[in-house]
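**Student:** From first to last, the protein sequence lines stand for chains A and B. Numbering-wise (my numbering), the first sequence opens with residue 64 and increments by one. Numbering-wise (my numbering), the second sequence opens with residue 64 and increments by one.
Treat the hints with caution; some may be incorrect.
In this list, chains with the same sequence are indistinguishable; a pair is considered to hold if it fits within one copy or across any two.
What the hints assert, rightly or not - Below, in silico cross-link-like pairs of lysine to any residue (SDA-like), each with a Cα-Cα straight-line distance of 20 Å or less:
1) Lys343 with Ala154
2) Lys190 with Arg242
3) Lys343 with Asp140
4) Lys343 with Arg261
5) Lys115 with Arg80
6) Lys283 with Thr156
Everything labelled a hint here was simulated from the structure, so no lab data went into it. Bear in mind the structure is a predicted one, so any value in this text is a computation, not a measurement.
There are 2 protein chains.
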Amino acid sequence: MTERAALALDLGGTNVRVVAVTESGDILARQHSSTGRRTSGEVYDEIARLAKACREEAGDVEFAAFGAAIPTTELDDGGVLGSLPNIPQLAGTNIKEELGRRLNLEVVPVNDASAATLGEYWLGASKGTRNVVGITLGTGVGGGLIVDSRLYVGVAGGAGEIGHITIVSGGEACGCGRRGCLEQYCSATAIVRQAKERGLQVTTSEAVFDLAEAGDPEAKAIFAQMGSSLGFGLAIINNLLSPDIFVVGGGVANGWAQFFEPVTAALIENSLPDRGSRVKIVRALLGDDAGVLGAAKYTFQQL
Amino acid sequence: MTERAALALDLGGTNVRVVAVTESGDILARQHSSTGRRTSGEVYDEIARLAKACREEAGDVEFAAFGAAIPTTELDDGGVLGSLPNIPQLAGTNIKEELGRRLNLEVVPVNDASAATLGEYWLGASKGTRNVVGITLGTGVGGGLIVDSRLYVGVAGGAGEIGHITIVSGGEACGCGRRGCLEQYCSATAIVRQAKERGLQVTTSEAVFDLAEAGDPEAKAIFAQMGSSLGFGLAIINNLLSPDIFVVGGGVANGWAQFFEPVTAALIENSLPDRGSRVKIVRALLGDDAGVLGAAKYTFQQL
């Protein structure tokens, strides 16, 4: 019997990636391009073009379905996308119909951070555990939850919105319309904002990290504060969910050396007794492949 | 084929209740007494006495196991209990051994608020839904989580500790050793503390509720603040888990008429857009039976 395979998408504000992957996790083909300034129809056309190129590259393989990791907090059962802060032109479009029609395949959408969490659980940093909280630190902050060895997506695919846990009552205004969300203290955007407030001449969180590694006290203080805020938020989740492990990914996770100690200290300090030191906190391992692999795995599970 | 049956316990700081219940939820026998000032051995003896009385009362029934709802935040796989603030003499004892030996039955322990949540899901307020957050407002605040139609207990049975979500940084000191926990703003203890701070001559949260119902502005303000704090905490959970429904039980839920409006308003205000008005919030229906029924259901599922 031939192994099943799926096509899988990770759609970001900057890059669109499509792979062909088998049920044991072998990537048979990869395609990517930039999301660019396209209309919604053009975005779907580009995804379809990459998917067809993957099909050709993979050769004589039949695909069971198309898994789609999408940066939205709301996915209704019919496939209509909620708000997408980084690709707003797709809001309200029906991804199942748009891609299903173009590819003649069943489309299984899933939140991108949930997909990345499942990818790491399948083949990465949390393999072999049971209860996982994944955190993606990027332009915003996303998250995903593995509960008793299954991805938990919640009503309208909305579970795992770690970035919108309130950690400071009446704190910084957030794009979601509320205040004090974790995202406003731990994302790349937040790190750059704080750097500017402290007079550093930087435009990226990587540059702040480089300064911190070179010993700049302001840059080091920013990562110390970011780690402390993240640990405070993760402790709330730890008390509520009692997971085995936290897996931290996304671009900002590259600053691990600067925030690992404060995040761990704050996690222990704010967790219930015993629970802070019992839970593990590790870096993600799969980089950009986590989302596509997780979207594929979710698709295999749904079929 | 005869239907399976279980014995089930709900152990509280004040009352100990044991029932005999069938797999379809029929209660065949009930026994209860006061927890009293007993040594740990005497508590286990008393539970065994009630269980044996239930066995006799139920007549010709064979019991598959003994489900035990216990007020502890930590249950290791071997049956050793963590801290029990209201029955401290049981901390560190092995409930599986102690009761297994006395009753010659397999013992399945579960956190009491998790059990109550499962009981309401099986036969009460959240029947027919899929993702549930249960809140027990009593002397303290407990909680339980139904995820994709299954009780999720987490590592060491510790999931659902809603009472220890931080809602005020640097706020009121909590018995867990930290500050600003939800329990310090929404429990019966917190309501009585606030009433005393406002000069009301009361010793129970029921008395504060009676004053509020009679129009006392201080008592009304206490419930308004309690509802607002609870809604703030539930919004954190709503953003993280995107459940279908919140089920509010425990003694303080009797004050529902005084806090329903502020809890709903704060839940909507602090949830992500759409998510606050989509989720339901209802009162528990089963009263004191929720815990024993949930312990029994969990036991049937584990066998």
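**Student:** Run every hint past the structure and note whether it holds.
**Tutor:** Results of checking the hints against the structure:
1. Lys343 with Ala154: neither (36 Å within a copy, 25 Å between copies)
2. Lys190 with Arg242: This pair counts as neither: shortest intra-copy Cα distance 35 Å, inter-copy 35 Å.
3. Lys343 with Asp140: between (34 Å within a copy, 19 Å between copies)
4. Lys343 with Arg261: neither (32 Å within a copy, 44 Å between copies)
5. Lys115 with Arg80: The answer is within: 12 Å in one copy meets 20 Å, while 64 Å across copies does not.
6. Lys283 with Thr156: neither (43 Å within a copy, 47 Å between copies)
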